[in-house]
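Enquirer: Sequence:
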Amino acid sequence: MNCEYCSKKEDDLYLFVLPCGYSVCYDHLTSQDESFNCFVCQDHVIEKQSCFRMKKNEKKLKMDAFLTKKKSLLNLCDQIEKLQMIDQENDNILQDKILVLKKQINLKRVQLKTQLNKLIDEYHVNLMNELKNEKSEFLTSILDDLDKIDIEEMRKLLNSHSQENLNEFKFKEIEKELVDFMTNFNKLTSIEFVTRKNLSDFNLPKIFGHFCRENFHQLSNNFKFIHQFGLKKFEELNNGEVVSTSFSDPSKLIIFNPQNGQIREISETNEIKFLFKSYNDEIITIDSEFHVKIRFNWCCIETFDLARKNLIYAELVEDKIVTISEDYFVTVIKYYNGEILYDFYFTTPYSSVKLIKAFYKSTFIILIEVQNQYNGQKEQNINKIDFRNKILKTFKCNIGNNNQRYYDIYYSTIERLNENEFVTGSSNGELCIWNSDLSVKLKKKCHSSAISGIMLCEDGNIVSISSQDGIIKIWNSEDLSLICQSNSIFFKLNLCILKMLLVSCRFDKWISGN
1 MNCEYCSKKE DDLYLFVLPC GYSVCYDHLT SQDESFNCFV CQDHVIEKQS
51 CFRMKKNEKK LKMDAFLTKK KSLLNLCDQI EKLQMIDQEN DNILQDKILV
101 LKKQINLKRV QLKTQLNKLI DEYHVNLMNE LKNEKSEFLT SILDDLDKID
151 IEEMRKLLNS HSQENLNEFK FKEIEKELVD FMTNFNKLTS IEFVTRKNLS
201 DFNLPKIFGH FCRENFHQLS NNFKFIHQFG LKKFEELNNG EVVSTSFSDP
251 SKLIIFNPQN GQIREISETN EIKFLFKSYN DEIITIDSEF HVKIRFNWCC
301 IETFDLARKN LIYAELVEDK IVTISEDYFV TVIKYYNGEI LYDFYFTTPY
351 SSVKLIKAFY KSTFIILIEV QNQYNGQKEQ NINKIDFRNK ILKTFKCNIG
401 NNNQRYYDIY YSTIERLNEN EFVTGSSNGE LCIWNSDLSV KLKKKCHSSA
451 ISGIMLCEDG NIVSISSQDG IIKIWNSEDL SLICQSNSIF FKLNLCILKM
501 LLVSCRFDKW ISGN
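In UniProt numbering, the protein residues as written are 1 to 514.
Worth flagging that the hints you see were computed from the coordinates, not collected in a lab. Bear in mind the structure is a predicted one, so any value in this text is a computation, not a measurement. Yeah, the Cβ is synthetic: ideal placement off N, Cα and C, and Gly gets one too. Among the hints, erroneous ones may be present.
Cβ-Cβ distance ranges computed for the label pairs, FRET-style [to be verified]:
1) Thr195 / Ser248: 16 to 22 Å
2) Met85 / Asn476: 34 to 40 Å
3) Asp180 / Ile255: 49 to 55 Å
4) Leu67 / Ile263: 57 to 63 Å
Calculated cross-link-like contacts (lysine-lysine; reagent style PhoX-like; alpha-carbon spacing at most 25 Å) [as the list claims (entries may be wrong)]:
5) Lys444 / Lys473
6) Lys82 / Lys70
7) Lys59 / Lys71
8) Lys48 / Lys69
9) Lys384 / Lys293
10) Lys357 / Lys320
11) Lys82 / Lys8
12) Lys62 / Lys8
13) Lys103 / Lys113
14) Lys273 / Lys252
15) Lys9 / Lys60
16) Lys309 / Lys320
17) Lys9 / Lys59
18) Lys135 / Lys148
19) Lys357 / Lys309
20) Lys70 / Lys56
21) Lys473 / Lys357
22) Lys56 / Lys8
23) Lys113 / Lys48
Work out the full structure: start from the sequences and follow the hints.
Expert: Shown next as structure tokens:
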């Protein structure tokens, strides 16, 4: 068909009908103002958007959008099909980009060498001029002082007088003049040229350049295993370093830098049982002999002893250490001096403690397993207790569905979420967010098997792991919507994940301890 305005032959899809009935090229319409006089019959005004909304035209617009999108996607398919041919031996697709980068790097190398040579030569000239000036000033000063010293007269006085008749004042005067001169002379000749032993302060990436990957995102959600080393308990310092205890030697502290892979060690006498970090990067340890040590910048600044009771739990909460012994004796102390604030026994009939988590505002959550004295079945209760052994609230757990006995399902892990909330993981794969009054805020089935570990990201999101299938998932803490997940054989093999540390917010670098 032909356009009834320019007579150009055009596919029907790109011929649009005007209100007056004429068919014209699509480009004629798009080039007009929003309101224009009909350029065919010249006797009426056309509203462009109203014209596009005409049923026949609207259908063509939708078809054109579909075909454009289809063409774009097919083009992407072609590109990805080519990319699928890439391997370590055949990287021709990347060759053009690599050649451009190589040229840029080589050009920068030449430019930088020229600039640095110029700077070095200029600095060399400055040093030589400075040395010349030092020499001139030295000679001027020395010659002036030398002219003022009458050595011949001094010798004459010293040789012509004995100890008895040489004036003591005159003797000291001669001594002072000679000694002062030699002192000044030695100062002037003590100038040294100090050279750097290395170029550690010479920041090449800043002046040479580096590869920018700010817009790069991993195509795969699978985590890449980078490095493995012995860790048991660990904390992350504000500078990014990780402090841990060693599997092979539990009496050693290990300081690991994830950025450069450097590892340092500090040896202790006894096995380190608990490790904490204060808000200002003080490292607090409790060893097998119940010694508490506080380090700052790796120097021990405080030490004190705890009561000799085997501990099943210890945690740093704000400025307090909360410990619970195997006979359920609770002690709350100030971490920086060992002052006991509260101590008491926590006991309930027919019960055993399964999970403990110290909370904020001088309270902690204890999840206990209770054996029903009538039918012998085991149940779980969550107790909120303050540091004076006052039970604030008890919640009888009832998890699972009507087809499952609630005592067959149990909470497997617990973690603080914020000052007013905590989160639990259960043996049936549920995550549950609780308010501080033990009311349930949100509950969701998040894994197909038991949740073995929970941690929090810096942005408040929740990381959960199921050690039975090795699946790691990151959840939005507001609504438990899934953000990211990964299947990891490495985590599946470690069936007792106690803690994980997220090093990179892109979810591609992790440190885990088990």
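Enquirer: Now look at each hint and say whether the structure bears it out.
Expert: Structure-based check of all given hints:
1. Thr195 / Ser248: 16 to 22 Å: Check failed, 42 Å falls outside 16 to 22 Å.
2. Met85 / Asn476: 34 to 40 Å: The hinted range 34 to 40 Å holds for Met85 and Asn476, with Cβ atoms some 38 Å apart.
3. Asp180 / Ile255: 49 to 55 Å: holds, 53 Å
4. Leu67 / Ile263: 57 to 63 Å: holds, 59 Å
5. Lys444 / Lys473: holds, 13 Å
6. Lys82 / Lys70: holds, 19 Å
7. Lys59 / Lys71: Status holds; Cα separation ~18 Å.
8. Lys48 / Lys69: Holds - the C-alpha atoms of Lys69 and Lys48 are around 24 Å apart, at most 25 Å.
9. Lys384 / Lys293: Violated - the C-alpha atoms of Lys293 and Lys384 are around 30 Å apart, more than 25 Å.
10. Lys357 / Lys320: Since the Cα atoms of Lys357 and Lys320 sit roughly 13 Å apart, the hinted pair holds (cutoff 25 Å).
11. Lys82 / Lys8: With a Cα-Cα distance of about 38 Å, the restraint between Lys82 and Lys8 is violated, given a limit of 25 Å.
12. Lys62 / Lys8: holds, 23 Å
13. Lys103 / Lys113: Status holds; Cα separation ~15 Å.
14. Lys273 / Lys252: holds, 11 Å
15. Lys9 / Lys60: holds, 17 Å
16. Lys309 / Lys320: Satisfied, since the Cα-Cα distance of roughly 18 Å is no more than 25 Å.
17. Lys9 / Lys59: holds, 21 Å
18. Lys135 / Lys148: holds, 20 Å
19. Lys357 / Lys309: holds, 19 Å
20. Lys70 / Lys56: holds, 21 Å
21. Lys473 / Lys357: holds, 22 Å
22. Lys56 / Lys8: Roughly 20 Å separates the two Cα atoms, so the pair holds.
23. Lys113 / Lys48: The hint is violated at about 61 Å.
Violated hints for the displayed structure, listed by number in ascending order: 1, 9, 11, 23.
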